[in-house]
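S.K.: Sequence:
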Amino acid sequence: MTSPPPLRRNGFWAFLCAVGRFINGCRLIIINVVFFGLLFILLLVLGADVDRTVQSDSVLVIKPRGQLVEQSSIDPLQRALDGLSGEEPRQVQLRDLTGAIDAAAKDPRISRILLLPDELQGGGFAALREVGAALDRFRAAGKPVIAWGVNLDQGQYYLAAHADRLLVDPQGGVMLTGLANYRLFYKDLLDKLGVDVHLFRVGEFKSAAEPYILDHASAEAKQADSYWMGGLWTGYLAEVAQLRKLDPATLRDDVDNLPEHIASTQGNLAELALNQHLVDGLATRADLIAMMRKEGVPADRKGHDFRQIALDRYASAVSRDGDLPAAGVAIVVAEGEIAGGRRGPGSIGGESTAALIRGAREDRKTRALVLRVNSPGGEVYAAEQIRREVELTRAAGIPVVVSMGDVAASGGYWISMNANRIFAEPNTITGSIGIFGLYYTVPGTLARLGVQSDGVSTGPMAGAFDITRPLDPKVGTVIQTIIDKGYRDFVGSVAKARGKSYQAIDAIAQGRVWTGEQALQRGLVDQLGGLDAAVAEAGRLARLGKDYPVRYVEPPQGGFERFLMGLSQSASVHVLQSFGVRLPDWVAQLPAKAPELQLLRNAKAGTPNIYADCLCRPR
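Its first residue numbered 1, the sequence shown is counted upward by one per residue in full-length UniProt numbering.
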């Protein structure tokens, strides 16, 4: 039998090679077109002269959409392309917002601010308080702030109350209801699934993991929550009453007896808000435009609206980020759950956040460091990695000041305690000095599936952490001993850092949560104030004088491949939506309704998961 002629085989392979070269050429062409097209768009975005778009007598329109965050988790390039495609960003950085307001106060081209807070969906009271303080500084410069909305919840209203004039649409209103902290409890579900959750904790009030072992909130959790939420709500009412020139007791009564009061206006929330002096007037969007024009704001180019500039365009022109041209203050943001390893922007990684602090310390131009903390905590070891870098920074002669945001509790307090000074807002949520461990076993789950586990081991502890077996009491003793030691370390470290006895800190620890004002009374923080106050204190400790540069130390941006991945994911979503495939809005809200499940995201099977976490955000 003769073999096929070599020429024929070579021709076949030559054909395949030609096809391969053609495909490869097409691939390179597409990549180049995409790359240079995106590069061109990026250059347009970065090179646009935003300053020229600000005309005299312009109104700065602040319409924050989505969450108010300390650090954006959305890729900057993705944000730019979303803007070009008409998609509004779903996050607003606190620093961008306050920085733009402060710049506008000094900008002669900006005559006033129009605040439209309806689409602001997130942000705790401490962050909102900082924005409110910036609005007050703008007003102190002799420029008015006008707020207008349709339906304002209590977070949006807390911000809008800082306006000189607060208007709502006649079909809208204001809804103040008070604070609540309801959780979902999973014990019955886990029992049905045959999953055994073993909780080991120290601290009478350390209730973050209770949803896994109970079907209701414990009496201790309710007692602690009532205390700090009561303090938070009393502070809210006092601030709003002062801003609106109301009596706090009357305002509290209006909120508590909303059903009776709303009946007096036959369900008209806008009229009720006007009657209760929560707003200054009722106005439609057309009324608002007419008011602006009547008060001297020029018309826009088309003559239909008034002259204005949006927040994002204005903020990009006044960004304060960049390398330190001289010795100054560096700011590191620690926002989100604390987890091990490296994490992206908008989250805290034991390695990545520690590296940011270390990088700031090793920069010769860093004379002081401000650690901005907005975190309920997380993994203990990751928090300890960050705390050690704070301690090393102080040991290097660089003062460290912590600025607490909305929440700096449990692990968030752990990474804060070794600072020279700790600042908190009165409505910051902090404390929760406690620790707990979770361990999961699933023998019941396997049994329901008809699967059994059996075998031998070389000793009583060998295979003891196998999740397919019931928890051995000896293993429980081991884990509880580790948790007890972790609690002693936590309390002892706080006592040493705060210059107090172990017993004094233990009395206010036990996992109990405090507001910033309550924490100040108990010596857990040094002073009430926002980020600006913390930066000023850092400059004072470093003896920098009155004028010094401030910069944010950020993680490096991801590569081009990461951007393309994000772009493709976004494109996939848009394609699905174009075919009518869209999830209901309430689905996106589920993670916020079940923050306890965040603990499981990084949980490791077959090992105790040790946390210093506080699920203590009111809703």
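Warning: the hint list may mix true and false statements.
[Said to hold, decoys possible] Here are the computed distance ranges between Cβ atoms for each label pair: (1) ALA299 with LEU258: 16 to 26 Å; (2) MET461 with GLU391: 31 to 41 Å; (3) PRO259 with GLN521: 34 to 44 Å; (4) THR284 with ARG540: 45 to 55 Å; (5) PRO170 with LEU258: 41 to 51 Å.
Derived from the structure by calculation, the hints contain no laboratory data.
Note that CB positions come from ideal geometry on N, CA and C, so glycine has one too.
S.K.: Next step is simple, just say for each hint if it's right about the structure.
M.R.: Evaluated hints:
no. : hint                           : result
1   : ALA299 with LEU258: 16 to 26 Å : violated, 41 Å
2   : MET461 with GLU391: 31 to 41 Å : holds, 35 Å
3   : PRO259 with GLN521: 34 to 44 Å : holds, 36 Å
4   : THR284 with ARG540: 45 to 55 Å : holds, 49 Å
5   : PRO170 with LEU258: 41 to 51 Å : violated, 19 Å
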